[in-house]
Amino acid sequence: MARIDLDHIRHAYSPNATKPEDFALKEVHHTFEDGGAYALLGPSGCGKTTLLNIISGLLHPSHGKLLFNGRDVTNLSTQERNIAQVFQFPVIYDTMTVYDNLAFPLRNRGVPESEVDRKVREIIKMIDLESWAKRRARGLTADQKQKISLGRGLVRSDVNAILFDEPLTVIDPHMKWVLRSQLKQLHRQFGYTMVYVTHDQTEALTFADRVVVMYDGQIVQIGTPAELFEKPSHTFVGYFIGSPGMNVLPVTVEGTRAKLGGQIIELPGAPAADGQGQVELGIRPEYVRVGSEGIPVQIRKVEDIGRHKVVRAAIEGKEIAAILTEDEELPANPHVRFDPAGINLYANSWRVNVAETGRRA
Amino acid sequence: MEKTWNNRAWFMVLPVLVLVAFSAVIPLMTVVNYSVQDTFGNNEFFWAGSEWFQEMLTSARFWEAFWRNLAFSGIILAIEIPLGIFIALNMPKSGWGVPVCLVLMALPLLIPWNVVGTIWQVFGRIDIGLLGYGLNAFGLDYNYVNDPIDAWATVVIMDVWHWTSLVVLLCYAGLVSIPDAYYQAAKIDGASRWAVFRYIQLPKMNRVLLIAVLLRFMDSFMIYTEPFVVTGGGPGNSTTFLSIDLVKMAIGQFDLGPAAAMSIIYFLIILLLSWVFYTVMTNYDAE
Chain X
1 MARIDLDHIR
11 HAYSPNATKP
21 EDFALKEVHH
31 TFEDGGAYAL
41 LGPSGCGKTT
51 LLNIISGLLH
61 PSHGKLLFNG
71 RDVTNLSTQE
81 RNIAQVFQFP
91 VIYDTMTVYD
101 NLAFPLRNRG
111 VPESEVDRKV
121 REIIKMIDLE
131 SWAKRRARGL
141 TADQKQKISL
151 GRGLVRSDVN
161 AILFDEPLTV
171 IDPHMKWVLR
181 SQLKQLHRQF
191 GYTMVYVTHD
201 QTEALTFADR
211 VVVMYDGQIV
221 QIGTPAELFE
231 KPSHTFVGYF
241 IGSPGMNVLP
251 VTVEGTRAKL
261 GGQIIELPGA
271 PAADGQGQVE
281 LGIRPEYVRV
291 GSEGIPVQIR
301 KVEDIGRHKV
311 VRAAIEGKEI
321 AAILTEDEEL
331 PANPHVRFDP
341 AGINLYANSW
351 RVNVAETGRR
361 A
Chain Y
1 MEKTWNNRAW
11 FMVLPVLVLV
21 AFSAVIPLMT
31 VVNYSVQDTF
41 GNNEFFWAGS
51 EWFQEMLTSA
61 RFWEAFWRNL
71 AFSGIILAIE
81 IPLGIFIALN
91 MPKSGWGVPV
101 CLVLMALPLL
111 IPWNVVGTIW
121 QVFGRIDIGL
131 LGYGLNAFGL
141 DYNYVNDPID
151 AWATVVIMDV
161 WHWTSLVVLL
171 CYAGLVSIPD
181 AYYQAAKIDG
191 ASRWAVFRYI
201 QLPKMNRVLL
211 IAVLLRFMDS
221 FMIYTEPFVV
231 TGGGPGNSTT
241 FLSIDLVKMA
251 IGQFDLGPAA
261 AMSIIYFLII
271 LLLSWVFYTV
281 MTNYDAE
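These protein sequence lines are chains X and Y, in that order. The numbers in the UniProt record's numbering rise by one with no breaks, and the one at position 106 of the first sequence is 106. The numbers in the UniProt record's numbering rise by one with no breaks, and the one at position 43 of the second sequence is 43.
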């Protein structure tokens with residue numbers, strides 16, 4: 001197990017990249033602590049797989065250094081870095097038995113056969129495929145195959161980290177849940193450093209202790225699931241996490257009041273606004289209260305999704321979503337109020353602290 | 001679901017039946033007809049029973065051609081399959097080299113059989129052919145007209161030149177369909193180049209290789225045109241393969257009965273061998 005330091009890593013796929021938009025990965029400077037479970041969350045093309053492949057050594061970064069436990073591994077091959085990776089589509093060697101699949105990484109490294117046997121038996125029990133040991137791997141279901149890919153990483157006792165590249169994409173929904181909890185359990189039991197790439201917020205939030213949200217080649221926020229939800233540091237995080245995502249409304253701020261068109265919204269405090277750039281107010285639908293007082297809205301539609309209802313409305317000509325519990329009714333003349341606890345302010349898309357000094361949260 | 005029974009629907013099958021009858025069944029039956037009868041011309045036929053079949057199966061000439069042909073198929077498979085795999089493995093997977101290689105590979109396949117034969121017939125001639133003249137200029141005594149070994153070498157190399165591309169293209173199709181993740185996983189698992197070939201590339205090429213072996217076997221076992229054009233089956237009978245022998249018998253000697261019997265035996269042998277190949281290879285695959 002290892003601590004992984006990403007030291008000012010940048011990557012461009014073309015050799016002579018100069019402009020920021022040429023870079024698939026703009027600049028990443030971050031540490032994955034030893035034994036942590038991290039999720040890299042972001043939309044397709046945000047650079048998360050690029051980052052993962054840089055860690056595993058399948059890609060060499062154009063700039064920056066990568067350190068495992070303080071040792072520079074930037075120029076080491078994938079094999080020398082000693083990491084395990086599970087891919088989106090299960091990779092198994094289908095002419096081999098399940099047992100041989102798991103033994104493959106050890107045999108390639110010249111491990112004595114008695115040791116191979118001991119490790120493989122241990123792992124095959126751990127991933128719950130004992131009864132399949134002597135069977136050809138090709139007849140397995142997708143989730144069993146994915147367990148083998150994982151098992152091939154686990155057999156090597158000295159792996160520095162286990163990387164997951166959207167590993168549950170091809171797995172049936174109910175098996176996803178099972179596998180995810182097994183992964184969690186493995187993590188708790190053995191303390192592997194795990195980095196898990198996904199574009200599915202549920203997966204990220206349930207798997208990881210800390211979620212790294214990426215957008216357009218950079219990390220926009222690192223935090224616990226609660227932090228990402230309560231205090232998204234970038235409007236993208238607000239929009240990407242949560243269903244529906246955060247409402248973002250353009251406002252102008254004067255002291256402790258925000259003006260949205262002709263309406264005044266009381267803020268919990270005065271932002272240290274530099275008065276520069278575009279200011280927006282972000283509020284999650286969960287904090288928008290629908291009632292008969294507040295700012296008038298026009299209801300567009302109501303989506304009943306079972307446990308609650310999502311109200312889509314227009315406020316001062318802008319789209320807004322609110323959440324109503326199952327038994328709440330829409331008033332005849334609907335208005336909304338914003339719960340001050342849920343109000344975040346953004347200048348140029350980055351969060352500004354309210355009532356504190358105006359730096360990025 | 002309730003099925004509607006209407007026997008007039010059988011008429012719908014009629015066109016296809018007629019087509020198959022004229023293109024396959026009737027010609028084949030003509031051959032069967034000849035194989036059990038004898039004629040002295042004048043369109044008079046006498047029942048001969050299994051006489052021609054017995055004659056064929058005990059004829060040294062037939063079995064010589066048979067073993068000769070089997071050896072030929074064996075040799076070209078032993079060269080073309082590994083060579084095809086090797087070339088496919090070394091072809092570029094992306095970039096401008098891909099279309100260039102594909103076109104180069106497809107070229108020999110586009111040339112008609114008799115043209116291929118003519119090319120090599122001229123190429124190998126010792127008086128005007130680049131290959132034949134060149135080899136002799138270097139002091140090698142090469143002459144496909146007189147020397148059976150040289151004739152064999154020429155026919156084998158010609159077939160390799162003509163058909164290795166087919167194996168290459170099939171293998172290449174199998175190779176490019178392997179997702180990158182397999183190679184990445186192999187790197188992570190520390191697999192050697194040989195292990196990558198043995199456990200990733202070869203298993204993924206399995207199906208196309210089966211097709212390649214079958215096609216090349218059937219085709220080479222029925223080879224006629226190229227050796228006929230180059231050597232005419234000689235020197236002596238040294239490159240007289242089954243088809244050449246059959247044509248000699250049917251058209252050269254006009255022995256319709258024995259030729260018909262031979263055709264049927266020949267057809268059954270190819271069917272049998274192909275079935276054996278297929279069964280063995282698919283069983284191995286499914287094991």
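Hints were generated in silico from the structure; no laboratory data involved. One thing to keep in mind: the hints can contain errors.
Stated by the list, open to error - Pulled from the structure, derived: some chain Y residues nowhere near chain X, Cβ distances all over 10 Å:
| no. | residue |
| --- | --- |
| 1 | M29 |
| 2 | N33 |
| 3 | E51 |
| 4 | L107 |
| 5 | R125 |
| 6 | N136 |
| 7 | I188 |
| 8 | D189 |
| 9 | I200 |
| 10 | I211 |
| 11 | F254 |
Unchecked claim - Computed from the model, here is a short list of chain Y residues facing chain X with C-beta under 10 Å:
| no. | residue |
| --- | --- |
| 12 | F53 |
| 13 | S94 |
| 14 | K204 |
As the list claims (entries may be wrong) - Only pairs whose alpha carbons sit at most 27 Å apart, straight line, appear in this in silico DSSO-like list of lysine-lysine:
| no. | chain 1 | residue 1 | chain 2 | residue 2 |
| --- | --- | --- | --- | --- |
| 15 | X | K318 | X | K259 |
| 16 | X | K134 | Y | K187 |
| 17 | X | K134 | Y | K204 |
Please read all numbers here as calculations on a predicted model, not as lab measurements. We put the CB at the ideal spot given by N, CA and C, even for glycine.
Hints versus structure:
Listed as outside the interface, M29 of chain Y is consistent with that label: its C-beta sits roughly 45 Å from the nearest C-beta of chain X, beyond the 10 Å cut-off. Interface exclusion of N33 of chain Y from chain X stands, the closest Cβ pair being 49 Å apart, more than 10 Å. With 10 Å as the threshold on Cβ separation, the claim that E51 of chain Y sits away from chain X holds: the shortest Cβ distance comes to roughly 51 Å. Listed as a non-interface residue, L107 of chain Y keeps its Cβ farther than 10 Å from every Cβ of chain X; the least gap is roughly 34 Å.
Non-interface call for R125 of chain Y relative to chain X: holds, since the shortest CB-CB distance, roughly 48 Å, exceeds 10 Å. Distance check for N136 of chain Y against chain X: the nearest CB is about 49 Å away, which clears 10 Å, and the non-interface claim stands. Consistency note on I188 of chain Y: stated as away from chain X, yet its beta-carbon is not over 10 Å from all of that chain's, at 5 Å minimum. Look at D189 of chain Y: its CB is around 4 Å from the nearest CB on chain X, not clear of 10 Å, so calling it non-interface is violated.
With a closest Cβ-Cβ approach of about 7 Å to chain X, I200 of chain Y is found to fall inside the 10 Å limit, against its non-interface label. With a closest Cβ-Cβ approach of about 18 Å to chain X, I211 of chain Y is found to remain outside the 10 Å limit, as its non-interface label requires. Once the 10 Å rule is applied to beta carbons, F254 of chain Y is consistent with being away from chain X; the minimum gap is 54 Å. Below 10 Å, beta-carbon pairs count as interface contacts, and F53 of chain Y has none with chain X, the closest being about 44 Å; its hint is therefore violated.
Because the beta carbon of S94 of chain Y sits about 13 Å from the nearest beta carbon in chain X, more than 10 Å, this interface hint is broken. Hint on K204 of chain Y holds. Least Cβ distance to chain X is approximately 9 Å, under the 10 Å limit. Distance check on the hinted pair: K318 of chain X and K259 of chain X sit about 13 Å apart at the alpha-carbon level, within 27 Å; holds. At roughly 25 Å between alpha-carbon atoms, K134 of chain X and K187 of chain Y fall within 27 Å of each other, so this suggested pair holds.
For the given pair, K134 of chain X sits about 21 Å from K204 of chain Y by alpha-carbon distance, which is consistent with the 27 Å threshold.
Consistency note: the structure conflicts with the earlier hints numbered 7, 8, 9, 12, 13.
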